[in-house]
Amino acid sequence: MAWTLERLAAELGAELRGGEPGAEIGSVATLDEAGPGQLSFLANPKYRPLLATTRASAVLVAPGTAVDGPAALVVPDPYLAFARAVALLHPEPRPAPGVAPGAHVHPGARLGDGVAVLPGAVVGDRAEVGDRTVLHPNAVVGDGARIGADCVLHPGAIVRERCVLGDRVILQPGAVVGSDGYGYARDGARQVKIPQVGIAVLEDDVEVGANSTIDRAALGETRVGRGTKIDNLVQIAHNVRIGQDCLVVAQVGVSGSSRVGDRVVLAGQAGVVGHIAIGNGCVVGAQSGVGRDLPDGAVVSGSPAFEHKENLRAQAAFKRLPQLRQQVKDLERRLARLESRGETT
Amino acid sequence: MAWTLERLAAELGAELRGGEPGAEIGSVATLDEAGPGQLSFLANPKYRPLLATTRASAVLVAPGTAVDGPAALVVPDPYLAFARAVALLHPEPRPAPGVAPGAHVHPGARLGDGVAVLPGAVVGDRAEVGDRTVLHPNAVVGDGARIGADCVLHPGAIVRERCVLGDRVILQPGAVVGSDGYGYARDGARQVKIPQVGIAVLEDDVEVGANSTIDRAALGETRVGRGTKIDNLVQIAHNVRIGQDCLVVAQVGVSGSSRVGDRVVLAGQAGVVGHIAIGNGCVVGAQSGVGRDLPDGAVVSGSPAFEHKENLRAQAAFKRLPQLRQQVKDLERRLARLESRGETT
Amino acid sequence: MAWTLERLAAELGAELRGGEPGAEIGSVATLDEAGPGQLSFLANPKYRPLLATTRASAVLVAPGTAVDGPAALVVPDPYLAFARAVALLHPEPRPAPGVAPGAHVHPGARLGDGVAVLPGAVVGDRAEVGDRTVLHPNAVVGDGARIGADCVLHPGAIVRERCVLGDRVILQPGAVVGSDGYGYARDGARQVKIPQVGIAVLEDDVEVGANSTIDRAALGETRVGRGTKIDNLVQIAHNVRIGQDCLVVAQVGVSGSSRVGDRVVLAGQAGVVGHIAIGNGCVVGAQSGVGRDLPDGAVVSGSPAFEHKENLRAQAAFKRLPQLRQQVKDLERRLARLESRGETT
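Protein chains in written order, with my numbering: chain A, 1 to 345; chain B, 346 to 690; chain C, 691 to 1035.
Hints should not be assumed to be uniformly reliable.
Unchecked claim - Only pairs whose alpha carbons sit at most 30 angstroms apart, straight line, appear in this in silico DSSO-like list of lysine-lysine:
{"id": "1", "chain 1": "A", "residue 1": "Lys329", "chain 2": "C", "residue 2": "Lys999"}
{"id": "2", "chain 1": "B", "residue 1": "Lys674", "chain 2": "C", "residue 2": "Lys883"}
{"id": "3", "chain 1": "A", "residue 1": "Lys319", "chain 2": "A", "residue 2": "Lys309"}
{"id": "4", "chain 1": "A", "residue 1": "Lys309", "chain 2": "B", "residue 2": "Lys674"}
{"id": "5", "chain 1": "A", "residue 1": "Lys319", "chain 2": "C", "residue 2": "Lys736"}
{"id": "6", "chain 1": "A", "residue 1": "Lys329", "chain 2": "B", "residue 2": "Lys654"}
Just so you know, the hints here were simulated from the structure itself, not pulled from any lab data.
Bear in mind that the values here come from a model prediction, so they are computed numbers and not experimental data.
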């Protein structure tokens, strides 16, 4: 669907400078790849030179940006406006509502209005699926699970029995919600499984990446707070609680019963041990390992993790460790010489 | 189903102190969340204060623990007894046996008594599935695979052709057994695939976490020993052999052809290089990288991993590296002064 | 199918020394496990002693290797010849072409000649599947996706809408191609999803391991080059470009928009940050974290990664850090003594 510049500006709350108000915009593209009829954006200042050469018809820019050629759509936050423009110009095609042939909905399940259940998707007994939710091929909703409205379960995503998803939750392909937590009690050398009878809860607007896993609780619940975004191949263990609006980047692991505050960033491949608390607004660097509680606002890195700025200094010194050893050796030699001189005097 | 305290005590081999023998217990909960009619437990001494405030009707405790209020069920190992109590009080609902509509069982497959094959599950030609095993929606058993009795394949779990599972094996959702090992031979710059014609074998009582992957062998077999428990998103490469009763925590990777002994603990996100041997009873710390053979009982950490106690000392020193560099610089300055003084005298 | 030694030698371009040209070889095995009628190989010199004791009927060896007992098939590269011999002696059984009952092919999809779609597999509208490609149970091909000829999608592998696979691409079980990239714009504390409207492209001869995830681009495409082999549980983020003939080992993560050259090796659990470029022929060690551009041919390790040889020296010094601290302390003590002596003279 094509939008006119004028209508797009109104929808995005942008000020239109230059260009024909009635010119049509059909899609978005990056500054270097865009052509006529396309909208681009400048968010990162390092791409500013591309403004001079882009063939885009219009560009989202911040106030005070000189644009010569394309029409300018001036907005306070070009990246955020870009996110909205993509949604406007590239609306996701919605599958037709209804239960497709080859889908399996238990007669005891309850589907809301406009739900689409595609071939191979399975909905269990007593499960509830909210209005307009889409279950893509081979997605599975277990017995007694409750899925909110406007959710998308991509192909092969799995929600096990009794787990709960809020509204507008997105599960990327192969994401698993409600797998058993990893809990065993020793009986001599043997491990006896502790049945995991709790559930997992994802609040509104949570997104879970492809093949990520969120375990159900041993007792009670594992919970991911509203608006938190989880990337691919992330492991969230049983009884973990993650706050709101967090970013949990790919391949992160959070161990059992840990608490993560609001607006926390866990960068790629970081790990968090069990039974600790991470405060609000913390940032944990990539590949870091958090082994103890963190106060609000802490910025840490390293494995084990400590204050990020200190870690940067320690890392810099680490690279020069062989020289440091050599310096100490030299000092020892020189000192021994001095000492022997002292003795002989 | 509710149990009386008396019957529960008998079943768990517990001594009942206080409480009505005929009082009914319906479920389990943690000390702080339990209420009337619920059973709790005290395993970790740090939660002992909660004994005074819990509203549980009964508590599993070790001998010599003073309990005031709830009935006490005295057992040698409260955590182990708790594991058993959960299984008694929260029996997993078993799906009705039979091949559900929408399941696909090849006519050449052989199903034992009481097997349940749920919608979307697929069983291949010449596959065998043991008595009472449950194949949840969209689980796949490949041609010629053999699954033991009382196994559970959760939704989307996959066992590829000819692989073998013992009895009571549990595959969490999305777990993969028998994917091709990662084996290539160079032909100039190009990689030529070495067909992986071996299999993967999971012995009795093995559990595999959600979206974990266990590759089939190039030749011969990959094998995971009896009772070993594998967490989520773990990678076990081709021709690896893992012993009995091991704990392999989330996101661990074990590279090709390595041998892991019995009762080994590989903590979260640890890695093991290929073609090495890890002895019985070893413990490998989280995020560690094991690059060489480990003798029985070794406790290691770090990447690369070495003796854990030494690593703790090195880590402590690492944090103070910038100061150490400063100390050495100061020494050099002071020494130079001394040396020059020596020359002038 | 059994092959004669003579025919096998011809097919592999090997020189046959010893043995009956008409002797039949039925399968391959390692030197220590092989028996009569089996072919083995010697690629790693450390196994040379096994040549004296193997019960194999024939052995692939390099020129100049003395073989006493089994027939020798002399080839320039025994490992490569072994890869080919496995393919000859253990041809993978091909499922019968056609759409099996319980498979779901949209009427708007286009299947090539000899395509096999097994039970539970789903092919979307306007999808194209090339000749002789096999879609195993519960594999999913999204709307408008294009799959080349002679591909294999193992059980549960998923290709989302509009993504493109070349010829002879193999997806192991649970592999995901085309999941949404991890892209959000902040709106105050909240994260607004940036619709990921690009695609993912895998060129000819790419293989993707079990439960690995390859995100579609935000705009444009994510691309994996011809012949690159990706192991299990690997994460490739949106807009990444990986060159040809790379080896990406298990549990590696490559962050958004990074470029990886040709013939690069990323060892197990390594991570690459976003928006950087790794040159051709680079080698990144296991568990390393690459945080900046690498020139062609760089060999790095560590987290953060730097030149591998330097890192080895720094690691060695790291282990002896506590001693180094002690040495410095001793120096300080001795120096203080010297200094005070100087003052008193």
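Okay, the hints, checked on the actual structure:
1. A/Lys329 x C/Lys999: holds, 21 angstroms
2. B/Lys674 x C/Lys883: violated, 51 angstroms
3. A/Lys319 x A/Lys309: At roughly 16 angstroms apart (the allowed maximum being 30 angstroms), lysine 309 of chain A and lysine 319 of chain A satisfy the hint.
4. A/Lys309 x B/Lys674: holds, 21 angstroms
5. A/Lys319 x C/Lys736: Roughly 35 angstroms between the alpha carbons, so the hint for lysine 319 of chain A and lysine 736 of chain C is violated.
6. A/Lys329 x B/Lys654: Status holds; Cα separation ~26 angstroms.
Comparing the model with each numbered hint stated earlier shows that hints 2, 5 do not hold.
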